[in-house]
Each structure stands twice: as C-alpha cells, then as structure tokens.
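Top to bottom, those sequences are chains B and F.
First residue of the first sequence: 1293, per my numbering; consecutive thereafter.
First residue of the second sequence: 1293, per my numbering; consecutive thereafter.
Any given hint could turn out to be false.
Given that identical chains are not distinguished, each listed pair holds provided it fits within a single copy or across any two copies.
[To be verified] Here are the computed lysine-lysine pairs in the BS3-like style, where the Cα-Cα straight-line distance is at most 30 Å: (1) K1683 - K1600; (2) K1642 - K1499; (3) K1711 - K1320; (4) K1642 - K1695; (5) K1337 - K1413; (6) K1726 - K1344; (7) K1385 - K1719; (8) K1352 - K1397; (9) K1300 - K1397; (10) K1413 - K1581; (11) K1683 - K1412; (12) K1385 - K1337; (13) K1373 - K1344; (14) K1581 - K1373; (15) K1695 - K1385; (16) K1729 - K1344; (17) K1344 - K1397.
It should be emphasised that the hints constitute simulated quantities derived from the structure, not laboratory data.
Note that the coordinates shown come from a computational prediction; the quantities given were computed from them, not determined experimentally.
Here are the chains, one letter per residue:
Number of protein chains: 2
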Amino acid sequence: MLKDDLLKFIPDHSRVTENETVRLNHSKGITYHAPVLPDIVVFPKTEEEVQKVVQYAIDKQIPIVPFGAGSSLEGHIIPLKGGITMDFTLMNKIIEVRPEDFLVKVQPGVTRTQLNLALKKHGMFFPIDPGADATIGGMAATNASGTNAVYYGTMKHNILGLRSVMANGAVISTGSETVKTSTGYNLTELLVGSEGTLGVFTEITLKVYGIPEHIVAAKAVFENVEQAGAAAALVLQAGINIGRIELVDGKTIEAVNDHVGTDFKVKPTLFLEFHGSRAAAEDDYTVTKELMEDSGALSFKAEADSLKRAQLWDARHQAASAIVSREPGKLLVVTDVCVPISKLAECIGKTRELAEEHNIDAAILGHVGDGNFHAAFCVDSNDESEMANFKDLNTKIVDLAFKFGGTCSGEHGIGMGKKEFLKEQYKEALPFMKIIKESFDPNNLFNPGKIF
Amino acid sequence: MLKDDLLKFIPDHSRVTENETVRLNHSKGITYHAPVLPDIVVFPKTEEEVQKVVQYAIDKQIPIVPFGAGSSLEGHIIPLKGGITMDFTLMNKIIEVRPEDFLVKVQPGVTRTQLNLALKKHGMFFPIDPGADATIGGMAATNASGTNAVYYGTMKHNILGLRSVMANGAVISTGSETVKTSTGYNLTELLVGSEGTLGVFTEITLKVYGIPEHIVAAKAVFENVEQAGAAAALVLQAGINIGRIELVDGKTIEAVNDHVGTDFKVKPTLFLEFHGSRAAAEDDYTVTKELMEDSGALSFKAEADSLKRAQLWDARHQAASAIVSREPGKLLVVTDVCVPISKLAECIGKTRELAEEHNIDAAILGHVGDGNFHAAFCVDSNDESEMANFKDLNTKIVDLAFKFGGTCSGEHGIGMGKKEFLKEQYKEALPFMKIIKESFDPNNLFNPGKIF
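Chain B extracted, bound-state conformation (with noise of 0.2 Å):
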C-alpha cells in the first residue's frame, strides 16, 4: 500500500523499494550505532517528488529521513521509527556554475569530489573536506566542517540559500545569490546543522573560491604535544594565511609506522599548508619555520611540488587507517570535541592519557586551528563491556571539553549519540530549540530521535 502510494509520486520501481537489502543498507551508516530498519527506500529526482513524498508522509504521519552518503558519525540517518528513508543520491545534478559571482547551486546528492571535479575547469572549488566524499545535502545538514575550516569555515559561512521542503509540506527558499543579507531571521543558518529534522533540502547554494595559486605543504617535529600546540599557536597568531593545520601525537605516528612500514619519527608533529599567491605562500612558510625553529621544532620540512606534499603529509592522512586495520572486524568510532585554541594541546595530552587507562588504541588528531579534536579508534559493537569502556572514555572526553570552556561537537553533530551532552551544553537554551522543533514539525516526522 505504501509501495503503492509512493508510485504514484515517483513512478519508477527501481526508486520506490521494500527491498531487504537495499532497506538493510539504509539503516546505519559507517558506525557501531544499532541499525533500525526503514519500511521502505525512495530515490527522488527531483523537488516536486521530493515534496510529493513529504507532503503524502504528513497525510499519513509516517516519519521521513534524509539520506545522503551514509557517512555521518553520529547515526543521523538511522530511522529509529522506520518510515520512509528518502535518499537523495540520484538528485544529483549540478545546477548552476556561476565563477563570477562566486556560486555555485546544485541538488543535495551531488557529493564533494563531484562539485570540485566539475569546478575544476573553472579553476574553482569548494574548500569543505570533511573527509568522508559526503553529499552535499548531507555536509548542509550536519554543518560539516573539515582540515580547511581554519581558513575557508565551515558549511554555514559557505551557504548562501537553500531550498527546504519543511513539515508542513512548504517549499521554501532562504539566503539568497549575494554574500550577505540582513533580512530578517536567519533561516539558513537555522536549517544548516538541524540535522534533517526542520527540513528536507532540494537545493543548496554554496559559495566557492578560487582555487590557490600556490600551495606548500609543512611539517613540523616536536618533542611534546604542548610545544607543537604552543607553536601552532603562534602561528596562528602571526595572522598567517594558513590553510591546514594538523596536529598528530606520537602514539599515532607509531601506528602508522606499524601500518604502513614507513620509519616517520614517533612525536608529535604539525603538518601544515599555506595557500595564496607564490610570493604570499614562500613568505608565509618562511616565517613560520623560522616560528616552528624558535619553538623548538627538531625538524622542519617543506614541500611545493603536489606529489611530494601528500607524501608529506602521508602520516596525517594514514592516522585513522592505522588504527582500523590493527583490529579488522571492529566498527570504527571517531570522538569529536572543540576547545578554545589555546587548551588544545593540553587536551591532546589529556585525551591521550584517558585511553590508556580505558586500553583503547587510539589515533588521537586535532584540528589546531580551530581547537577541534579526534580520538579514532575500533570497537566490537556486540561486546557489551567494550561498548561501556568506550561510552566511558567519550563521555570524559565531554567533560574534558566542559571543563576547558568547550562545546561537545566541533563538527559531527549531535544524531543520537551526543543528546544528553548536549542538554548538559545548553540547559536554559535547549528549550528554545524545542520550541522551533515543535513549531516547525508538530508531529516529529523529520528524522526524529534526533538532537532530541
């Protein structure tokens, strides 16, 4: 019957599906969280379906849930109520290039490697790398950020409009075409980050940049973690043009060595980029080794050439691989907090000593520029004991952030996994969110069991 009405909407039975296997891939993601099945899969191509499907699932108050790569870390796409799961990777067309006015409009399924690949010809691209080769809409809907934020942001200060179906079945447009607006409340920056539950998007409107002119790529050895965090910090404080800023302890770069039979010197290290003009990149790479020297750097070496910087930053990019092939089988789990930039380096430290007491491997990263932090590391989802001790080093890793004045998610998101942290984060605030939850979806059918 369902089957039947949605036909009606999408009439396409290779996009409308009860499908076991294809319902089974839609209900988790990459990570240890218990997988819920939808009842059934939609593929939409386009808004009008997009709104027929939503407007249908108001009529019969069934839960909807967007689905994009799959690749969220905090069980977003999970549909803990089953419904409808409506997954936007056959929406997929970029819309509009526009290098002049620095925009770009594309559907939500359209993914980072496919934009940038497309940009490419304009010498543009869009900066935000979470990573993961997520889609758009996805990136929208968890605010993702990535190893450029320091430079370029996050998804809210690259959005400039969207379109949103909401629960009442509306299509709405926020934003607009230019760089700035002051009109009225800002319902773009509401929508960005709710996580699929205040809105289903079939458009985004990104802001993107000229593609560098230059890039050298840096890294920086150091004996201990708050040298390399005092010394970025300096960095940062020269008002550098930094691109990337990584941070990687030592236990981490041992992992790697294991992994990969590379000989990197096991402390922790900075790897950095620099991004502008020939002469601005040469300038800035020279001040800062001359920085990193000062602070006591054993080693400082840069590259140009673009092979040579990935080999470069190589350690960096196999961190988390590392520690995931050391326990095959085992679901990767990925912490994530952001501090103040100044107690990052301190809470490297500290989060390094919290997993040896729990005797969890970690690869312990951070985002130095921001503050924003990640311990990776593999967990046995049917091992009940596992799950508590990893649960345990989470939740102190929270407090950890609590207690230096952080926030319990620099960029994944709150999905199921981070709910009680965040009514600890924002007691009096919290219900402010509800209450715009509660206006905008009176009966919780957009991704529900989500944030809340």
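With chain B fixed as given, assemble chain F onto it according to the hints.
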C-alpha cells in the same frame, strides 16, 4: 507607577527616567523616520537588571525596545508602541580579552572604537566597521557589516556566542567559546540580525583578529563604472587577499571636490586595501596594479604610510558628508541593497540613472567585494512630495536588486522601512520567521513593529 516599579530593579534615579528630553532622544535615530516617544527610558548596567526589567515588562505586558548608539538606519530603535526603552550605553564593560583564543567577551553597550582601543595593546582588533561608532549589541542585532566584510565577513561570521534575555524572562547562552560547534540548532545566528525582536542581549563573545602586519592602500580611476566593476571582479577572482574594495561613482567624486575643495578626477574610482604580511601585501598590490592597468585604469596609486593611506581614501571617506553638507537641515537617507558580485557595476550605473530621473543628488558607493551598494542623499521629512519621491526611488532600487537576483537589504536590516520588501523577497519563508517570533514572543513585546 511605572517609574516606581522599575526603580525597585534599578535603584538609581539617574538610570530610570521619564524626563521628556531623554525620551525625545530615544524617540528617533539619525534618519527620516517619524519619532515616537517611549514611556520611560532605563539604563541597566548588569544582566540581572536587564532580566528583572524584562520579567516585569512581560508581567505587565509592556513593550521593550533595546537601544545602543541609536545609529541604525531603518528606524529599529523607534518605540512604535511606547513602553520601555532600554539604553545599553552604561552596560559597556569589556568582560574578558583572550588573545590566545582570539576572542573577547563584551557587554552590549561597548562601542566599536572602545573595543578596538582596548584590543590594540594585545595586537588584536575587531574588524567589523559599519561606519558609525555603533555598539556591539546594536551591531549584533542588525548583523552589521561594513567596508571590510569582503575579507572578515559580517557580524554573524564573528559572533561565537551570546547571552540573551528571552521573551519568557529566561536568560540563555548560545554558541560557545570555540570557533566551531555543531550542537543542535544555531540559535546564535537566529538571534544575530533579529533586530531586538527575539532577545535582549546581555553579553556577546566575539572573534578577534591579529592586526595585519602591513596595509597598503590604493586608488584606481576608470573611464566608466562598468570598467571599474570589471576590474574589481578580476581582483576578486585572482584570489588576492583584498581587505577592502570600494567603488565610488563620478558624480560622487564631483560632490566631494565641491565640498572639500579637492580636485580629484571626476570619474569612477576604486579604493582598495591589502592586508597581510609585508611580502604578501606588497605582492598583492603589484598583481593588482597589473590587473588594473590591463583593465584600462586611467591611473593607479598606492600608499603604505598610514597618513597617506587616509589621504588616498579621502574621497571615499568624505562621500556621505559631501552630500549631507549640500543641504543642511535635511535628514540623511541611505539606501541599501546587495546583488551578486558580477552585477554590481551595472546596478551602480542604473542607480545613477534612477537618481537622475528622480532629480535626486546622491552619493553612490559600492562595497564591490560583496555586491552591496548604497545611495546616500538628503530629504526634508516634512515635505510630502520629497518623501514620496525618495520612497519611489528606494522602491525602484530594491526592484533593480530583485531583478538581478539580489536582496532588499545588504547590511542595514529591515527595521520599519523594508517590511513590504521582506514579504516580497521571502513569500514562502516569511511564515516560518513569523512562527519563530510567535513562539518566542507570543505577546509581541520585543521591539514590536519591526521586521513584520
């Protein structure tokens, strides 16, 4: 009675007043909008005082209008339904300066120049410069912007968190001390730009920046506005770190010459600033000089010395006062729309034609890097036909912006004057803004009559 009641919360006769002169000073801003007196003006100093007054107002159903420096340009601070005007001038402490975390916490009455004076010794500054010496609270409420938004963004990009008294009397904290957070709904950016209609701010956490090591200012003169606009677009596309880029049209330069006695070339002129390390700023200037000359610049001049930079930008700085001085006794009007960047030059040209059709002698200025432009001129608010003529020109400028895919307000906000335009721009989205207003402030006590 009202006064006696409020004295219980702010026990200081100098800070709770029904004096007519004080009320008159809070009945209007610097613009043409018709004044309306509040019933009483209070000057709180602490969050506790603000909260108590708000709770009282909720209890007695009295409107509340927050007031900063009174420099808003769309009548935001006019208490259309009387009530209590809350003047934040005395609530002006800089609570905490944390250069190591690139943040400051301020009370809402702190002004922009007060803040920058305090930050200077730390080698830091807060870049948002709307022209007026506005308060941070007012700037947050209107999502203020200014000449350097092209590089630093607007208020919404630079507020990490807020404390706000809400229309149910609760005080909430939004955002965090970190530069990134993905934690539920973005209440910070809902409140920023809400123009006093959703919350009364008591504390604002701002992102601050290192003062650029080196600034180079430049000026390029062109034969016509289209050439100037095209040249500016090339600079943006080249990925040059442009700190400011402003376009002033020929007639405006002519008005400045008349006003100040200078003999600047009466032609469209670009004013630019490059910020960065010495090498980067010099390199950017060199590349730009080449681009300007290839684009047909009649002349190109640059200065690094701070006094000479100010002299180079003189025509830009004098533009608005050149117009105002022509017609003493009249009030200033400044239109404000924003269009996609590539459309700016054409819009400036068309705006000049519209101004001439309306026999209005205006200064026309564009923040080229954002597509945001203004026409500034004087009106006699008592002359009905002059007011009708101005309103017609304003409407035509907004229509022009809409025609080019733009927005009816780039930075000044909606206030009273642009409510009809907001309805037109966001036909489907406006009901969702109203839902938020009605849920947060069901009795419409917070700055009634603004935005909607």
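For each hint, the structure was consulted:
Taking the closest pair of Cα atoms, K1683 and K1600 never come within 30 Å of each other, the shortest separation being 39 Å inside a single copy and 61 Å across copies. Proximity of K1642 to K1499 under the C-alpha cut-off of 30 Å is restricted to the inter-copy arrangement: shortest distance 26 Å between copies versus 37 Å within a copy. In this assembly of identical chains, the alpha carbons of K1711 and K1320 lie at most 30 Å apart only when taken from the same copy (18 Å versus 45 Å across copies). Taking CA atoms no more than 30 Å apart as the test, K1642 paired with K1695 passes inside one copy only; the shortest distance there is 12 Å, against 56 Å between copies.
When the C-alpha separation of K1337 and K1413 is checked against a cutoff of 30 Å, the pair qualifies only within one copy, where the shortest distance is 26 Å, while the shortest distance between copies is 56 Å. Within a single copy, K1726 and K1344 get their C-alpha atoms as close as 26 Å, and across copies as close as 25 Å, so both meet the 30 Å cut-off. For the identical chains of this complex, K1385 and K1719 are inter-copy neighbours only, at 26 Å across copies versus 41 Å inside a copy, given an alpha-carbon limit of 30 Å. For a Cα distance limit of 30 Å, the shortest separation of K1352 from K1397 qualifies neither inside one copy, at 32 Å, nor across copies, at 49 Å.
In this assembly of identical chains, K1300 and K1397 lie within 30 Å of each other by CA distance solely inside one copy; the values are 28 Å within and 56 Å between copies. Taking CA atoms no more than 30 Å apart as the test, K1413 paired with K1581 passes between copies only; the shortest distance there is 26 Å, against 33 Å inside one copy. In this homomeric assembly, K1683 and K1412 never come within 30 Å of each other (Cα to Cα): the closest approach is 42 Å inside a single copy and 45 Å across copies. Proximity of K1385 and K1337 under a CA criterion of 30 Å is satisfied intra-copy only: 9 Å inside one chain copy versus 54 Å between copies.
For the identical chains of this complex, K1373 and K1344 are intra-copy neighbours only, at 21 Å inside a copy versus 43 Å across copies, given an alpha-carbon limit of 30 Å. In this assembly of identical chains, the alpha carbons of K1581 and K1373 never lie at most 30 Å apart, being 54 Å within a copy and 61 Å across copies at closest. Taking the closest pair of Cα atoms, K1695 and K1385 come within 30 Å of each other only across two copies (25 Å); inside a single copy the shortest separation is 45 Å, beyond that limit. Proximity of K1729 and K1344 under a CA criterion of 30 Å is satisfied in both settings, with 21 Å inside one chain copy and 28 Å between copies.
Within a single copy, K1344 and K1397 get their C-alpha atoms as close as 22 Å, which meets the 30 Å cut-off; across copies the closest is 47 Å, which misses it.
Figure legend: structure checked against the earlier numbered hints; hints not met, in rising order: 1, 8, 11, 14.
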